[in-house]
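A.B. asks: Sequence:
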Amino acid sequence: MREKILTFIEKNSRVNLHELAVLLGVDEVMVANELAAMEAEHVICGYHTLIDWDKTDVEKVTAMIEVRVTPQRDMGFDKVAERIYNYPEVNSVYLISGGFDLMVTLEGKTLRDISGFVTEKLSTLDSVLSTKTNFILKKYKDHGTVMAEAPKDERMLMTP
Numbered sequence: 795m796r797e798k799i800l801t802f803i804e805k806n807s808r809v810n811l812h813e814l815a816v817l818l819g820v821d822e823v824m825v826a827n828e829l830a831a832m833e834a835e836h837v838i839c840g841y842h843t844l845i846d847w848d849k850t851d852v853e854k855v856t857a858m859i860e861v862r863v864t865p866q867r868d869m870g871f872d873k874v875a876e877r878i879y880n881y882p883e884v885n886s887v888y889l890i891s892g893g894f895d896l897m898v899t900l901e902g903k904t905l906r907d908i909s910g911f912v913t914e915k916l917s918t919l920d921s922v923l924s925t926k927t928n929f930i931l932k933k934y935k936d937h938g939t940v941m942a943e944a945p946k947d948e949r950m951l952m953t954p
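In this note's numbering, the protein residues as written are 795 to 954.
DEER-style ranges, computed between Cβ atoms:
id, residue 1, residue 2, range
1, G870, R949, 55 to 63 angstroms
2, R862, A831, 37 to 45 angstroms
3, H812, A834, 21 to 29 angstroms
4, M941, H812, 29 to 37 angstroms
5, L905, E822, 43 to 51 angstroms
List of simulated lysine to aspartate or glutamate pairs, EDC-like, C-alpha gap at most 20 angstroms:
id, residue 1, residue 2
6, K935, E804
7, K933, D846
8, K926, E914
9, K932, D848
10, K926, D907
11, K854, E901
12, K932, E860
13, K903, E853
Derived by calculation from the structure, the hints in this document are not laboratory data. From the three backbone atoms N, C-alpha and C, an ideal C-beta is built for every residue, glycine too.
Generate coordinates for the entire structure from the input sequences, incorporating the hints supplied.
C.D. replies: Take a look at the structure:
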């Protein structure tokens, strides 16, 4: 049942307990208890709203920064990642494979905000060897949701 609950709420966290219980064919109390248990165990870490900021008046720049680091003795990459994710500007930090070690995502109001963070905070950390900043220019799909509008069919209707 856990996997079914998680799969459903991952796509629609606003579903009410009654609707979820009906979909799963179980009692509403059972669903509520299972959700509470998964929250307590940190299986469910939070509930988020996906916003298309391009459709608002808010100026936002998103960047994905690849970071090459020197792992700390006896702690690997964890301590370096912790130092980075503790900055309030940082949205996420991932350990990745490939030419870089960490992927850091953050948002700022301008390109200058992002580059300032990278040069003044991120690049100055002892363990950071190099960074590569990639700016998000357009989101087509985010967290499984298509962000781009479907292209309009501009063909003319032909009638006999």
